[in-house]
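Listed below are the residues making up each chain.
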Amino acid sequence: MMAAAQTHRLTSGGLVDRSAPLSFRFDGQTFSGFKGDTLASALVANGVKLVGRSFKYHRPRGILTAGSEEPNALVELRSGARREPNTKATTAELYEGLEAASQNRWPSLNFDVMSVNQLFAPIFVAGFYYKTFMWPAKFWEAIYEPAIRRAAGLGRAAVASDPDLYDKAWAHCDVVIAGSGPAGLAAALAAGRSGARVILCEEDFVPGGRLLADGGTIDGLPAAEWLARTLAELASLPDVRIMTRTTLFGVYDGGTYGAIERVNDHLPSPPEHEVRQRLWRIVAKRCVVAAGALERPIVFAGNDTPGVMMASAMRSYIGRYAATPAKRIALFTNNEDGWRTVETALGAGLQVAAVIDARAEISPAHRSLASKSGFPVLHGSVSSVDGGKAGVRTLSVSLTGGSRAEVEADGLAVSGGWNPTVGLTSYHRGRPKWRDDIAAFVPDGAPPGMVAAGAANGAFGLGACLREGFEAGAAAARDAGRSGSAGSMPVADDEAYSLTPLWHVAGKGKAFVDQQHDVTASDIELAQREGFESVEHLKRYTTLGMATDQGKTSNVAGLAIMAAVAGRSIPETGTTIYRPPYVPVAIGAFAGHHRDENFHATRLTPSHHWAAEQGAIFVDTGLWKRAQWYPRAGEKDWLESVTREVKAVRSGVGFCDVSTLGKIDVHGPDAGAFLDRVYINTFSNLAVGKARYGLMLREDGFVYDDGTTSRLAEDHYFLTTTTAKAGLVMQHLEFCRQVLFPELDVQLTSVSDQWAQFSIAGPKTRDLLKEIVDPAEDLSNEGFPFMGVREVSLRGGIKARLFRISFSGEMAFEISVPARHGEALVRNLMIAGAPFGVTPYGTETLGVMRIEKGHVAGPELSGTTTAADLGLGKMMSTKKDFIGRVMAGREALVAANRQVVVGIKPTDRARRLRSGAHIIPKGLTPGPDNDQGYITSVCFSPTLDQWIGLALVERGRERIGEIVHAHDPLRGEDYDVELCNPVFYDPDGGRQRG
Amino acid sequence: MRITCPFCGERELGEFTYLGDAKPVRPAADAGEDAVYDYVYLRDNIAGVMSENWYHGGGCRAWLKVTRNTLTHEISAVEPAAGAGAAKVGA
Amino acid sequence: MSNSAIPSSTIRMEGVSVAEFSWEVRSPLDRALVAGRHGAHGDAGVSLTEIRNFDLVQVMARRGKTSEMAKVAKARFGVTAPVTPQTAPTADATLIWSGPDQFFVLSKGGKHTMVALGQAFASCASLSDQSHARVLISISGAKARTMLAKLSSIDLHPAVLGVGAAAATSMDHTSVTLWRGGDRGEQAVFNLLVFATFAESLWHTMLDSAAEYGVTIGHSGELT
Amino acid sequence: MKYSIFSLARAALSGHKTWQRTWRDASPKDRYDVVIIGGGGHGLATAWFLASEYGIKNVAVLEKGWIGSGNAGRNTTIIRSNYGLPGNTGFYELSMKLWERMEQDLNYNAMVSQRGVLNLYHSDAQRDAYARRGNTMRINGIDAELLDQAALKKMLPFLNFDHARFPVQGGLLQRRGGTARHDAVVWGYAHAASELGVDIIQNCEVTGFTRDANGKVTGVETSRGKIGAGKVGMAVAGSSSRVAAMAGLRLPIESHVLQAFVSEAIKPLIPGVMTFGAGHFYVSQSDKGGLVFGGDIDGYNSYAQRGNLPVMEDVCEGGMAIIPMIGRVRLLRQWGGIMDMSMDGTPIIDKSPVDGLYLNAGWCYGGFKATPGSGLVFAHLIARDETHKEAARFRLDRFRTGAVIDEKGQGAQPNLH
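Protein chains in written order, with the numbering used here: chain A, 87 to 1080; chain B, 325 to 415; chain C, 4 to 227; chain D, 349 to 765.
Everything labelled a hint here was simulated from the structure, so no lab data went into it.
Keep in mind that this is a model prediction, so the values were computed, not measured.
Ideal Cβ placement from N, Cα and C applies to all residues, glycine included.
Do not take every clue at face value.
Claimed, not checked - Facing chain A, according to a computed beta carbon distance under 7 Å, are these residues of chain C, among others:
| no. | residue |
| --- | --- |
| 1 | Phe24 |
| 2 | Met63 |
| 3 | Gly185 |
| 4 | Arg187 |
| 5 | Glu189 |
| 6 | Glu215 |
Unchecked claim - Pairs of lysine-lysine, DSBU-like flavour, derived with a Cα cap of 35 Å:
| no. | chain 1 | residue 1 | chain 2 | residue 2 |
| --- | --- | --- | --- | --- |
| 7 | D | Lys636 | A | Lys519 |
| 8 | C | Lys111 | A | Lys371 |
| 9 | A | Lys711 | D | Lys636 |
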């Protein structure tokens, strides 16, 4: 489809590249623009005025601003999985093939059925929904709320996974500068010349700020020339970095700044391997906020009509983009600066219908400009705008003195003065202070290391911006310890800026304060009437300032109107709390690389790739992938595979990778004394070459972790932790060592990754080991008794550690070798064990065997159980102090009716058990008063040929043999179970000792 | 937030783990239940400058005593825990 | 790809019967590392090289024995062991600061194994063998620093992290030891010790981070 | 003034000039039967229950700023009663039942919306823990359902089923859970309490307690003068330790910052409340269209009402792990609230050791959902000087005796609850 001609484009001037035309589509219609356009400027150049619909009333809206403060011109950009709702047309860079659609309208922007809401406007006032929709109660979720939800929202998010990449990076510098207008550039020059490391962030795609639209003369040069020269100088400084398309959005503690770089949003999609956006964490010693100021609207009836535009935005469209928002414009201003738009419009050959100036006096220069150019200057205010979705037609003007006038124009530029951007400086709860001379809030109480300069600090003249920026940059460099010379300061004249504050013009019709949220001046009056006078109440009651523009154009006007109706001053009324981010930031950028499979790191065991080759099924255990079971061809489900594995171990031999256990070297002359303090039982008397099971409590007396710890030498213990707590136990032990017991001579090192460790279990364990261990090693019960530990040589050369410990209840050893031999060890175990039918097993089989053996694990070590609850109370030494000893003696921890670990078996042997079922005394109706515990762990025991489990049951150990009821309403199951000894298998322990 | 580890230099918050108020001292073995209850459970919960235990687990594994203002997050001092770098004792 | 290198530090042929079993070592990156060019076309901005088969021993001073440990280190290595985040290279080993009162001894050739060092430091330090607990990755190239800035929160500016400087820090929430080796021509070389069980995961993250600059991947038996 | 569609329509005829203050702007009297410190949801609810249920109408609520300016206005608006331990389960269900009639009770639409609260599980162990919790709920007469992956795929097809680091296996669903409009809860209680004669006094900061010779609290000193009181209740989550310290008390509480986030408004995307089980991320979508989400507390003591980037990143990472379609939705606002983190993760509602002073504290990050229940049981405690049966275990001495209520099993480590 041929693009329409750019009817509203000037034939020369501006910063667009007329040699690079770009075709784009808006609401299905094809248009063309140029490289250097934003979507908004391209729409302006094509004469498009109606761009969106408002939130509540679905009123037609156009383009109000030319920046990230835009409340109205929001579109859905791109399509499919890349659809981006609520994208500001004013910041979206044009690219070839851009597709955008208006939003919050049905069926079309031009004919929006929901604009019927305007008929209900008399009822849809601020907070109306708090007063109704209450009857009948059920109707809220069924009818009212779904309707409200459908009507609310703005654009539609994509409903498929975001296909683009994001990443995050760190940057460090002496001085970070927000904004590359005259103040920011001057700051960068001063700091950079002084030798500082500087990062200059500019949210626009070209540096220059207001210089790009407003021009001026600096150091005797036209602004564009000075800009080019300055950028060249900055580029020549090695440690100055200019980041365009990058918004500094937040400030965090210790001089950390958040910035978002839109790396490839100016392209249809990012090039291969490249990210869409990058989140920067910038660490800076100093920050200069040179983010400029935002022009503020004046609130009057019909001020939301398409074609009403901020005066400075109109200058941007004409001056920077060579696009004309209107043919015949009027200006409504209360200050000197607004007049620049008239000059720009005249310069571009546009008609000026009138200037409506709220001030009593205007300058002779402007008066003569008016008479020379032939337009009237009306002293007064625009009281209403007549127009519609096609745009502004007629303005009604209330003249000073009471009479009225009408002005015909197709565009209205509005200037209510300027508000410094006080966001960044206020994010640490600094409250901006009011300055009467400019009738605006300026930064105060900025976070440590941050200063505002230029317009962001209320200095609006070009010369003042340069001066403040330069001085702030030089000072920041000095503060950061850089002593080079800042050189000479760029100079320019200061323009006059006189202003008569004007916030709201009374008139008939809706006068919008927050255009996106459809908050009107009368809504603010209503809020005041109902007692929502505090600015935070006002904001919350009316939703003023809570839209995607965060109230950039509406907040100050809103509180000024509140101040007026409440009879207070503006500073008394105060501002709401400013909250980051300065501009909305894609959630994907905050996640960066950490999404989908890369959400968290993955830890792999030494035998992982071998297990994968065997077809193992893996389970996530914390960050680990562990082999859960090893299915074999023909096995129909996990239960069959696990049953086979268990039987193979119990009748022959199997092995399992247990490298995930935390492993800590505890060294030093006081290692034994140290362990005595962290474990409830004693380790100082453990013989070298022996292992012992240990239990740790938290200081509050509940069980923390368990594991087997061996003494490898007089001054060297090897401690193991559970997989889940490995890192936390290391931290806890370091706390004990460094903070609680610094007098002990003990050193700790994690060796978790140094050792590949395997459990080898089953009656044929020794047979297998004899094949692989040096024949000189004595593995007999006498030569290597239960709980013995020793370094041995393996056939073929390497050393290994052997631990005669058993989790399965079988004759078992754990063997560990340096981790890079781990895979060789598995392969060799398979070779050596082949004659004995060696079977690799996974965590399921490990779990089955530990339940059969009545060992507690994660579900029982829940953080709320005591040693006695677990049946391990006798391990608590009474002869020494240890972490948790005293609190473990509190009355509730030693109460007789505690829930303690007990075994359970279904009375119906065919019945399957499930963890999470509750235990109720037999014959009682389940209720809160007879809920006596729950099933913690279950398995199908191939050994007993039935399901068995462990449970925490009130007084459980006294009730062995009692039949109780397992109640599982979630899964609709109820059945009887018998409480029994938790050690189902080989209770005497003969097998593991044999 | 950034913490200047006395061993590693200034580092990002993400490298550290917080434990809490460093003022409570673990009571002696014979201090009794009330003293331990106080140590384990009761807190001054200072709104202002507070001495805290932080662990540089993502770095050198030293426990640190950090003096920090809980109203502003400003850090005014960082020193090693008694047993961090304790090998220097008597050296 | 060869996996047959036998580190003499951990494998001692003591003449026992027949070596029925092969105890080949396999790097944790054995599968993940695919040598060659990856990512964007053009000149590779980043070069990632895994250094295989090394001895790494952690030496931690016992209480009150810092100066004694320093003396032993000086006697054995001829350099002062680092007491701040720095490295001390010697002819056959590099001493790398790893925390207060502790350092790593990184070497090849079996001269500074756990056993050998254990005897030397017996009176003053606790030693822990970490040879298999870490993977060593060398990162260089024109974009090495830019790529590392995605993973590392520390300041990598040459004036801050100079040649020989070390850091115990984290990347991707994983503890690492990072130090700058000697420059290769104009380019900085960053060395990274990563926990072995995290290595494959971090490796993939590094590859993703480097892809936009183009990456050359390889492995080597030589310390840089 | 009664609110309804009829009064709204009538008022529209006069251009809404007839509306009056939602609550009276009261000035302090010399003395009240009960003074409640804290004009948040809990304090205002307590006052309303005192007046409506217990006949005590000579009540003042003192608020140092404007009502609802603390955690009542900074939370993520979730209501639920899916707790697993005795003491919690009954209490939160009491609260849930009060939510279900709140709007009619108060004549104020707080937009209580029971769109469901779903906790995802990603492992067998997590499923088992949820099964235990869900069964506790059912045994207590609370609705709970355990969903498997197939059911989830139907209900929330947008979850990351195909490329997840920790694949979703199922979830525990409480259909009666949901959200409410947090500010409206505050205004609703203020409105209804004020109608019953309660004085709501804003910009009135308590600076101390007045005590008699026996140490009994007889009133408070405030920025607006001394105010006498028969009894004083404190409901000042976030500032509990500071206010208690004025009475010489130390509490088993630390103040921590919890961040929350809201996205730009978008058309309906996410139906109810859901929590990711393998990371720190939970989300709902407000009636206005913003995704309201959060995660873990920052983890260090703080009174600063703002957090730092690591947690913000962690939360968004969780979001992108489980709902990767939100990548291009933009985060609009970030804020922080100060949580009263108790030592076992469970609140304290009890008489304090100081005669005449009553404690309502330690809500961790769960106070919003408790608002009506907390108001009722605290009013009961103050009015009757006896514990309400559903708050019987929220005693202050439980830390001393060991009868802690530790849902997470993390012990005396507030930043882990």
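Status of each hint after checking the structure:
Hint status for Phe24 of chain C: holds, given a least beta-carbon distance of 4 Å to chain A, under 7 Å. Here the hint on Met63 of chain C is kept, as its CB sits about 4 Å from the closest CB of chain A, short of 7 Å. A least Cβ separation of about 22 Å between Gly185 of chain C and chain A goes past the 7 Å threshold, and the interface hint is therefore violated. A cut of 7 Å between beta carbons decides the hint on Arg187 of chain C: the least distance to chain A is about 21 Å, and the hint is violated.
Annotation: Glu189 of chain C was flagged as interfacial toward chain A, and the flag is violated, the nearest CB pair being 14 Å apart, outside 7 Å. For Glu215 of chain C, the shortest C-beta to C-beta distance to chain A is roughly 4 Å, which falls under 7 Å, so the interface hint holds. Of the pairs offered as hints, the one joining Lys636 of chain D and Lys519 of chain A holds, with about 32 Å between alpha carbons and a cut-off of 35 Å not exceeded. A C-alpha spacing of about 42 Å is found between Lys111 of chain C and Lys371 of chain A, which places the hinted pair above 35 Å, so the restraint is violated.
Proposed proximity of Lys711 of chain A and Lys636 of chain D is contradicted: the alpha carbons are some 41 Å apart, above 35 Å.
Going down the numbered hints, you'll see the structure goes against 3, 4, 5, 8 and 9, while the others check out.
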